[in-house]
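Participant: Each chain, letter by letter, is given below.
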Amino acid sequence: MEFALTTLGNQPLIAAVEVGKHLTWQLGPLSVHGQTMITTWVVMLLLIGLTFIGTRKLQRVPSGLQNFLEYAYDLLASIARNQIGEKQYRAWVPLIGTIFLFVLFANWLGQLPLRLFHIPEGELASPTNDINTTVALSLIALVSYIYAGLRKSGLGYFKHYFESPILAAVWVLEFFTRPLSLSIRLFGNILAEELVVAVLILLVPILVPVPLMILFLLTGAIQALVFSTLTASYVGEAVEDHDDHH
Amino acid sequence: MLFELGWAGHLLLLAAEEASAVEAESGGLFDFGGTLVLQIVNFLLLMTILSAVFYGPISRVIEERSEYIRSNAGSAQRRFDEAKALADQYEQELRTTRLEAQQVITAAEAEAQKIRAQQLAEAQREAQERIAQAQADLDRQKQVALASLSGEVEAISRTLSEKLLSDSARRF
Amino acid sequence: MNDITAAASVIAAALAVGLAAIGPGIGQGNAASKAAEGIARQPEAEGKIRGTLLLSLAFMESLTIYGLLVSIVLLFANPFRG
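Chains as they are written, first to last, in this note's numbering: chain A, 161 to 406; chain B, 928 to 1099; chain C, 13 to 94.
Since the hints were made in silico from the structure, they are not lab data. Backbone N, C-alpha and C fix where the C-beta goes; we use that ideal spot for every residue, glycine too. Watch out, some of these pointers could steer you wrong.
Computed beta-carbon distance windows for the label pairs [unchecked claim]:
hint, chain 1, residue 1, chain 2, residue 2, range
1, C, L66, A, E397, 18 to 24 Å
2, A, K247, C, T17, 52 to 58 Å
3, A, V332, B, V968, 40 to 46 Å
4, C, A19, A, L206, 41 to 47 Å
5, A, G314, C, R62, 36 to 42 Å
This is chain A alone, in the form it adopts within the complex (with noise of 0.2 Å):
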């Protein structure tokens, strides 16, 4: 397979589609993706210094940063008041905007060219590129959404499972596909988008890829929209009346 590698000359060091390489560090008994964690706390270096920044001198008339803030604050709330309702949705806002947040600000580092910095295996990528942890925002989910409906409702909240056999049957199948479901499309999503962007610099590695990865910022971002917006309404469907449900 070398003959492929010198057609392109010394090249394919930063133009080589990979997948499933990581660089694994071994912290104590964990084995850990190393350009996962890093991108990670790039991610949440970023949006704490941000928001750090932003609220050093809160004034009463908003200017500048705060007012940024306050307009994202609005549309993390807005999204949580949307699908839990307008009398409990306050304590949901910091789940349901973090997940926002993160994923979003995760699926737009992807965009950057962040093959030019080298480390030793794989490549630094998007962390919501990693299956761990799109698998992990989607358990905190199921355990958020889970500990509302027992919160709300104790353990009547299972009680539907046990009405019919059948219908527990889809109940225990919704049970599982619905944090597979979450992370599977967020990780497919952002994989195939940094593949196709891959593969298309591999191609052609100047302005072609461009306009996609503009695109991709559009699906980065409905993607987090997506993923906070289905966490939250599962949320709200578990802190609701139970009278007046399907």
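Please arrange chains B and C on chain A, whose structure you already have, making use of the hints.
Facilitator: Chains B and C only, in chain A's frame:
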């Protein structure tokens, strides 16, 4: 390879084989493990920190602002009401004052009218009196004049008659 | 990976993407046409319709993505490698 692939296809397959080779060591695409645990920890950490530096302060400042606006709007309404009441009162007072002024003017006019009529009457009466007095004086002087004239007439007539008598006597 | 497995995997990958694109393609077309109708009928509701449309398009898109994921697995993380 069975097929004649283009170089890109070769490269894709090459990458696929490399990935498979790596997967043998570390699991590849679906490699669950410590990353999952650490990502959960990372996310919870991020959520906590963002709650402290973002959601909490921002929602507080928004809440405070809406509270401020609500109370400000209330006090502004109250002040507006006060101002309106003051304006009403002023208007009322103005109207009363105008009415009073009108009354004062009317009263003064009436007074003036009365005084004028009085003085006019006084003057007329005085004039009348003076006329009457003048008339009386005139009458008295006429009487006096008449009285003195009648005396003179008597004397003259006597003289005349004596003269006539004496003349006739001498002739006879 | 032996040649038969590689060939079958490549064909299966192509089929997975192609077939998974049919249904969502039709569905997205339907959704987009209805959304356009809705906007034509009620232009003032355009913002809401666009938001809903994007969200439901993302759901349909994810079905294709599942197929794409299967093909990616077949190409890059083939569980049947020799």
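Participant: Compare the structure with each hint and give your call.
Facilitator: To see whether the hints hold, each was checked on the structure:
1. L66/C <-> E397/A: 18 to 24 Å: The hinted range 18 to 24 Å holds for L66/C and E397/A, with Cβ atoms some 22 Å apart.
2. K247/A <-> T17/C: 52 to 58 Å: holds, 57 Å
3. V332/A <-> V968/B: 40 to 46 Å: violated, 29 Å
4. A19/C <-> L206/A: 41 to 47 Å: Holds: the Cβ-Cβ distance is about 45 Å, inside 41 to 47 Å.
5. G314/A <-> R62/C: 36 to 42 Å: At roughly 40 Å between Cβ atoms, R62/C and G314/A fall inside 36 to 42 Å, so the hint holds.
Hint 3 from the list above is the single one not met by this structure.
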